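Student: Chains as they are written, first to last, in this note's numbering: chain A, 1 to 236; chain B, 1 to 410.
It is worth saying that the hints were derived from the structure and are not from the lab. Some hints here could point you the wrong way.
Claimed, not checked - Here are the computed lysine to aspartate or glutamate pairs in the EDC-like style, where the Cα-Cα straight-line distance is at most 16 Å:
{"#": "1", "chain 1": "B", "residue 1": "139", "chain 2": "B", "residue 2": "205"}
{"#": "2", "chain 1": "B", "residue 1": "327", "chain 2": "A", "residue 2": "76"}
{"#": "3", "chain 1": "B", "residue 1": "327", "chain 2": "A", "residue 2": "192"}
{"#": "4", "chain 1": "B", "residue 1": "327", "chain 2": "A", "residue 2": "80"}
{"#": "5", "chain 1": "A", "residue 1": "85", "chain 2": "A", "residue 2": "69"}
{"#": "6", "chain 1": "A", "residue 1": "85", "chain 2": "A", "residue 2": "180"}
{"#": "7", "chain 1": "B", "residue 1": "139", "chain 2": "B", "residue 2": "175"}
{"#": "8", "chain 1": "B", "residue 1": "327", "chain 2": "A", "residue 2": "113"}
{"#": "9", "chain 1": "A", "residue 1": "85", "chain 2": "A", "residue 2": "124"}
{"#": "10", "chain 1": "B", "residue 1": "327", "chain 2": "B", "residue 2": "313"}
{"#": "11", "chain 1": "B", "residue 1": "327", "chain 2": "A", "residue 2": "56"}
To be verified - Negatives, chain B to chain A, calculated, CB over 10 Å:
{"#": "12", "residue": "2"}
{"#": "13", "residue": "27"}
{"#": "14", "residue": "65"}
{"#": "15", "residue": "153"}
{"#": "16", "residue": "176"}
{"#": "17", "residue": "212"}
{"#": "18", "residue": "244"}
{"#": "19", "residue": "262"}
{"#": "20", "residue": "271"}
{"#": "21", "residue": "319"}
{"#": "22", "residue": "328"}
Because the structure is a prediction, the values reported are computed rather than measured. C-beta: ideal position from N, C-alpha, C; glycine also.
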Amino acid sequence: MIAIHELRKTYTLGAGNEVEALRGVTLGVRAGELVTIMGASGSGKSTLLNLLGCLDRPSSGSYRLDGVEVTTLDADARAEIRNRKIGFVFQSFNLLPRTTARENVALPLVYGEVPRAEHAERAEAALAAVGLAALGDRLPQQLSGGQQQRVAIARALVTRPRLLLGDEPTGNLDTATASEILHLLRELNAREQLTMVIVTHEAAVAAWSDRVVVLRDGRIVADGAPDRVLAARALP
Amino acid sequence: MTLLRATLRTALSALHRNLLRSALTALGVVIGVAALVAMVSVGQGASMAIQAQIRNLGTNVIMVLPGATTAAGVRSSAGAVSTLSVGDGRALARALVGVAEVSWVRRDVAQVTAGNRNWQTAIQGSPPSFAAVRDWPLKSGRFFTQSEEDSAARVAVLGQTTVAELFAPGADPLDAIVRIKQVPFRVIGVLGRKGQTSWGQDQDDVVIVPFNTAERRVLGATVLGSVNMILLSVGRTGDIAWVVEEVRRLLRARHRLAEGQVDDFTVRTMTEMFETSLAASRVMAQLLAAIASISLLVGGIGIMNTLLVSVAERTREIGIRLAVGAKTRHILAQFLVESVLLSLAGGLAGTVLGVAAATAIGRFAGWPVIVSVRAVVLAFAFAAAVGVLFGVYPARRAARLDPIVALRHE
Numbered sequence: 001m002i003a004i005h006e007l008r009k010t011y012t013l014g015a016g017n018e019v020e021a022l023r024g025v026t027l028g029v030r031a032g033e034l035v036t037i038m039g040a041s042g043s044g045k046s047t048l049l050n051l052l053g054c055l056d057r058p059s060s061g062s063y064r065l066d067g068v069e070v071t072t073l074d075a076d077a078r079a080e081i082r083n084r085k086i087g088f089v090f091q092s093f094n095l096l097p098r099t100t101a102r103e104n105v106a107l108p109l110v111y112g113e114v115p116r117a118e119h120a121e122r123a124e125a126a127l128a129a130v131g132l133a134a135l136g137d138r139l140p141q142q143l144s145g146g147q148q149q150r151v152a153i154a155r156a157l158v159t160r161p162r163l164l165l166g167d168e169p170t171g172n173l174d175t176a177t178a179s180e181i182l183h184l185l186r187e188l189n190a191r192e193q194l195t196m197v198i199v200t201h202e203a204a205v206a207a208w209s210d211r212v213v214v215l216r217d218g219r220i221v222a223d224g225a226p227d228r229v230l231a232a233r234a235l236p
Numbered sequence: 001m002t003l004l005r006a007t008l009r010t011a012l013s014a015l016h017r018n019l020l021r022s023a024l025t026a027l028g029v030v031i032g033v034a035a036l037v038a039m040v041s042v043g044q045g046a047s048m049a050i051q052a053q054i055r056n057l058g059t060n061v062i063m064v065l066p067g068a069t070t071a072a073g074v075r076s077s078a079g080a081v082s083t084l085s086v087g088d089g090r091a092l093a094r095a096l097v098g099v100a101e102v103s104w105v106r107r108d109v110a111q112v113t114a115g116n117r118n119w120q121t122a123i124q125g126s127p128p129s130f131a132a133v134r135d136w137p138l139k140s141g142r143f144f145t146q147s148e149e150d151s152a153a154r155v156a157v158l159g160q161t162t163v164a165e166l167f168a169p170g171a172d173p174l175d176a177i178v179r180i181k182q183v184p185f186r187v188i189g190v191l192g193r194k195g196q197t198s199w200g201q202d203q204d205d206v207v208i209v210p211f212n213t214a215e216r217r218v219l220g221a222t223v224l225g226s227v228n229m230i231l232l233s234v235g236r237t238g239d240i241a242w243v244v245e246e247v248r249r250l251l252r253a254r255h256r257l258a259e260g261q262v263d264d265f266t267v268r269t270m271t272e273m274f275e276t277s278l279a280a281s282r283v284m285a286q287l288l289a290a291i292a293s294i295s296l297l298v299g300g301i302g303i304m305n306t307l308l309v310s311v312a313e314r315t316r317e318i319g320i321r322l323a324v325g326a327k328t329r330h331i332l333a334q335f336l337v338e339s340v341l342l343s344l345a346g347g348l349a350g351t352v353l354g355v356a357a358a359t360a361i362g363r364f365a366g367w368p369v370i371v372s373v374r375a376v377v378l379a380f381a382f383a384a385a386v387g388v389l390f391g392v393y394p395a396r397r398a399a400r401l402d403p404i405v406a407l408r409h410e
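Pulled out of the complex, with its shape left as it was, chain B reads as follows:
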């Protein structure tokens, strides 16, 4: 304890004596740690934002899209007529009762008017199961019912963006009449806010009407029963894999695809996209780690350099200490402590700087930033490790000095 205190005091006074030199030496570590903290914060913020968006779509959701996937992952043009139909959706719903909720979507862009305002938005036709499949709660009102679906009732549920565009702030859209392609609809519900998808589409810019209504009264479909997308929401996440297989098998059978023929539809799961984004953020993290290690390496070399100079300057002092009974480990500890103090001071300053930089980036660039305790702890651990690692060589050099030579040193 006594020894530790004496060692610490000596180290602090040695560092303090050459304050400017110590500060410049620590600068390398400061920059390295600051870069590490700032970039990890920004990186984590970005990956959290992506994950939140994907989770917002529902990780248990399976999307079936018309058209095949090419090798590059781009869907080929599905042509004028979608390869998916309401019949496919119904068949899937029947086959997967109790396992997955099934809904489908037919959408088109149309002009909607309310009073003297008008807005071009996505008109989406879906059966009532849509709200459950997307797990999309209503802010007010209600979703349409099966009987409204069956009777092709002219009722509409509005997304928040649409409400904001069509109604004055504060006005209650419930029971108001909106016209879609001149056809009057009664607003029966307003959806909660869902935000953007990970590909940047505003999910709240939508009007949802019963599927039959959309087909017959709004979209003027020439071919009845074709859909743009079938959505399935699987009750248990563990079932997703086999449900995907089941969907594929069933649709291939219904579409009479022979063996060897490629699917004329694409099945996508959110977990898949989730993992893609996770992989992307992992690559990002590795990149950051590489940059941070390089800057910490440079910082460490700086520390080693300064300590070697310090050992040379203090050779006589080391000799005196050895003469009065300092052991190898005492001298070793002396210089290691100095090295670690330098790097930890650098780590502290770097953390402060890094957090400040991350906050500034968050504020001015508008990126989501998460300053995690883990990043700070990691940066500190790295700084300390740099101190030990690069302190060992100079400290050993000091500890191995011959006391006679050291005492004679001018």
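Chain A with its partners taken away, still in its complex shape:
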């Protein structure tokens, strides 16, 4: 599903001031896998997620998504990949304000040039899949945090992507709501064979996944089953 090789990303902050966010990352993710990426802030985990999400291009290295090399694609081609193959879930939900839940969910369909007749139906189906069948007409500000994140997940699912990327999806939620969301994601992963890569700094979230990848200073320092990786990290 995901095959990245020697991926590097260097940011230039003014003249001569370069920051190496990723220093050669090689990683493979199989279809249907549920992977979490951990690391301290500045470890490069957000950069990696942006690259996986085709929001950014690496400085060097290769990234094949679903067999397609995406590092050489231009901005519009990457937009199309984001639209068709990738769903995003963000920490701060990122729903359009003053726009109903249903319209928020249908937004990717607009840019995917899906016939309008299908929009409402597909948006409803996606809302039903996250347990919000009755709340399509609500505005984001009329929904709780957990409900907003469910709408965001529905939006990520509506184009039936192969890959769901999460950037601290439970970071803004209380523990109970966070566990509901994780439960929902796990269920979707099992039901749809949806590949998921989730960035988090919470051990609890990592423990819930199939596999944990730990980054430090732009390199992978651990990769494996949660119990093993987390146990190793807990050591002094």
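Following the hints, position chain B against chain A.
Tutor: This is chain B only, laid out in the frame that chain A set:
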């Protein structure tokens, strides 16, 4: 189609959300378009009025006036005796048979009385060809004949203003007797209304009598045969240029002007005056266009400013749209549509305002006003162009946002 609808809805809701800001932004375009429409309407009305007046004189008419033209275009004083004569007129008529009708005019101001009313008006002596040359139909009665001309008959044809001054409303002036300088004349015809000349003279304030009659019985000319003006009406407009040359050549020969001597007469064509007025209205139009472009430019800058603010405010929204798969052109279209909607709304309001202003000017200032579809279409096209032109920069700025930066924007 779906995309267009979604884009339109987003644009409308964005503009609606900041209604006051949108309205104030569009105000620049409103004023620009209103000014454009109003001024084009007034300008077109004025130029149409001038052209109608000139056409009313007959564009195929050539006027020959005594005296030379100075460099500044002002006729020098012709002195007591006109340099043009009936003989000149007859010679031109003979030379231009089948090409142009020729007539001549001798006029003076005199007191005319009818019953107990009297009126000072222009007494014009002309041969019967005058009616044809000026293409001046009669409202009632008839024009005088050649035999009346030859016999210096005391018959008169009255202009409408003269009729109105000398006769009670509704009274029939035909066959009535009017006295010009105490000499009785029988009214045989009333001329149709001709209106004012472009220089403001009331052409209907006139009494026309046979030329011979005027000379001998009314004007008391000391020198017989001198005329104030020779008029030619050319059958085909295309002949005007060479007829003018022919007239000049013939008159120079008759007046025995040596080579190098200036003409002692002036030949004027109506086409000439027509073109002068057209040139004037063109200058007017250019001036209006300049004013309108300046106001539209200011309006456009206003739109650009508002859109830049809007792009900044909605950076995160743009980021979300980019993340879910919006392409550069989608974002570009989004802001361009907003810009064009703003300017078109301004254009619409401006058109309404401009038409209202033009109508008001027409009513209260009494100017002729023509609201043409062309002016409205032009104004709209300009407004739309302003929208596109000034929307491009903010829209490009939005479309080129880095999705990561945009998503992180607070």
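Student: Evaluate each hint against the coordinates.
Tutor: Structure-based check of each hint:
For the given pair, residue 139 (chain B) sits about 15 Å from residue 205 (chain B) by alpha-carbon distance, which is consistent with the 16 Å threshold. Taken as a hint, the residue 327 (chain B) and residue 76 (chain A) pair is honoured in the structure, with Cα atoms around 5 Å apart against an allowance of 16 Å. Proximity of residue 327 (chain B) to residue 192 (chain A) is assessed by CA-CA distance (about 28 Å); at most 16 Å being required, the pair is judged violated. Note on residue 327 (chain B) and residue 80 (chain A): the hinted pairing holds, with a Cα-Cα distance of about 8 Å set against a maximum of 16 Å.
The suggested pairing of residue 85 (chain A) with residue 69 (chain A) holds, with an alpha-carbon distance near 13 Å, which does not exceed 16 Å. In summary, the hint linking residue 85 (chain A) to residue 180 (chain A) is not supported, as the alpha carbons are separated by about 25 Å, beyond the 16 Å threshold. Distance hint between residue 139 (chain B) and residue 175 (chain B) is fulfilled; the C-alpha atoms sit about 14 Å from each other, no more than 16 Å. For the hint linking residue 327 (chain B) to residue 113 (chain A), the alpha-carbon distance of about 12 Å falls within 16 Å, and the restraint holds.
Restraint check for residue 85 (chain A) and residue 124 (chain A): the C-alpha separation of about 20 Å exceeds 16 Å, so the hint is violated. Restraint check for residue 327 (chain B) and residue 313 (chain B): the C-alpha separation of about 20 Å exceeds 16 Å, so the hint is violated. Using a Cα cut-off of 16 Å, the hinted pair residue 327 (chain B) and residue 56 (chain A) holds, with the two alpha carbons roughly 14 Å apart. For residue 2 (chain B), the condition that its CB be more than 10 Å from all CB atoms of chain A is violated, with the nearest at approximately 4 Å.
With a cut of 10 Å on Cβ distances, residue 27 (chain B) stays outside the contact zone with chain A, its closest approach being about 25 Å. Listed as outside the interface, residue 65 (chain B) is consistent with that label: its C-beta sits roughly 75 Å from the nearest C-beta of chain A, beyond the 10 Å cut-off. Interface exclusion of residue 153 (chain B) from chain A stands, the closest Cβ pair being 89 Å apart, more than 10 Å. Under the 10 Å C-beta cut-off, the non-interface status given to residue 176 (chain B) relative to chain A holds; the minimum distance is some 83 Å.
Listed as a non-interface residue, residue 212 (chain B) keeps its Cβ farther than 10 Å from every Cβ of chain A; the least gap is roughly 89 Å. Every CB of chain A lies more than 10 Å from the CB of residue 244 (chain B), the least distance being 69 Å, so the non-interface label holds. No Cβ of chain A comes within 10 Å of the Cβ of residue 262 (chain B); the nearest lies about 77 Å off, and the non-interface call holds. The Cβ of residue 271 (chain B) sits about 61 Å from the closest Cβ of chain A, beyond the 10 Å cut-off, so the non-interface label holds.
The Cβ of residue 319 (chain B) sits about 8 Å from the closest Cβ of chain A, inside the 10 Å cut-off, so the non-interface label is violated. The Cβ of residue 328 (chain B) does not lie farther than 10 Å from every Cβ of chain A; its closest approach is about 6 Å, which violates its non-interface assignment.
Going down the numbered hints, you'll see the structure goes against 3, 6, 9, 10, 12, 21 and 22, while the others check out.
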